[in-house]
Amino acid sequence: MLVLTRKLNESIQIGDNIEITVLSVQGDQIKLGIKAPKDIEVHRKEIYMSIQESNNEAASILPNILELLKTQPKNLK
Amino acid sequence: MKLTTKYHGVIEIEEKDILRFQNGLPGFLDEKSFVLLPLDSDSPFWILQSTETPELGFVTVNPFDFFETYEFDITENDKQLLELTSEKDVTVWTILNVKDPFEDSTANLQAPIVLNTRNNQAKQIILTDTQYITKQKLIPEKVVK
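Quick mapping for you: the protein sequence lines, in order, are chains A and B. Residue numbering for the first sequence is 1 to 77, as defined by full-length UniProt numbering. Residue numbering for the second sequence is 1 to 145, as defined by full-length UniProt numbering.
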């Protein structure tokens with residue numbers, strides 16, 4: 001992993017069009033500003049991981065679960 | 001065209017029914033092509049079936065059937081990506097984690113699937129700064145008095 005030290009308001013440039021700036025530092029909280037092209041999605045890592053994990057879990061449902069769904073009342077509202 | 005599915009056996013689908021996820025889904029970035037198949041006539045459950053991988057099928061529902069007050073904003077970026085021009089073209093789906101017993105099943109309200117029904121472009125969007133979670137109980141827990 002590349003390690004760079006930055007001060008407040010200093011930035012890191014990644015490739016031609018991604019820029020990450022340190023906006024504030026308060027104790028153990030660091031606020032970052034991220035400029036990136038629209039097609040690059042930026043997410044908090046733990047949130048992205050939790051979506052991945054949830055999708056993986058949802059994809060591993062066994063076919064016999066269908067029987068469970070078919071026995072549910074049609075109107076669950 | 002014939003499609004081998006996870007839950008429906010081999011079925012016949014039409015090209016116009018294929019939904020395009022140009023970015024894939026988190027955890028399944030290479031899966032860009034799906035169809036939505038009703039589990040049963042008049043069932044609230046639909047299967048989001050990959051057209052590339054027979055064993056990949058997600059159980060989904062219309063979240064508004066279960067969570068009447070559910071709401072979120074679609075970002076300008078996502079509107080552009082899906083070429084969304086009118087709210088009328090949007091439908092929303094939510095992936096379920098189905099459990100046995102069924103009461104333990106959860107819905108991923110933090111990452112809804114947004115579909116532009118006009119061009120069949122779809123995306124699982126990740127809501128930021130939201131109170132919605134990935135494992136919302138589908139059925140409210142009964143309060144035991």
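It is possible that some hints are incorrect.
[To be verified] Here are the simulated distance ranges between beta carbons:
1. A:4 to B:33: 21 to 27 Å
2. B:139 to A:16: 47 to 53 Å
3. B:24 to A:36: 34 to 40 Å
[Said to hold, decoys possible] Partial selection, computed: residues in chain B whose CB lies under 7 Å from chain A:
4. 25
5. 26
6. 56
7. 77
8. 84
9. 91
10. 93
11. 98
Calculated from the structure, these hints are not laboratory results. Beta carbons: idealized from backbone N, C-alpha and C, even for Gly.
Item to check | Indices of hints not satisfied (ascending) | outcome: 1, 3, 8, 9 and 10
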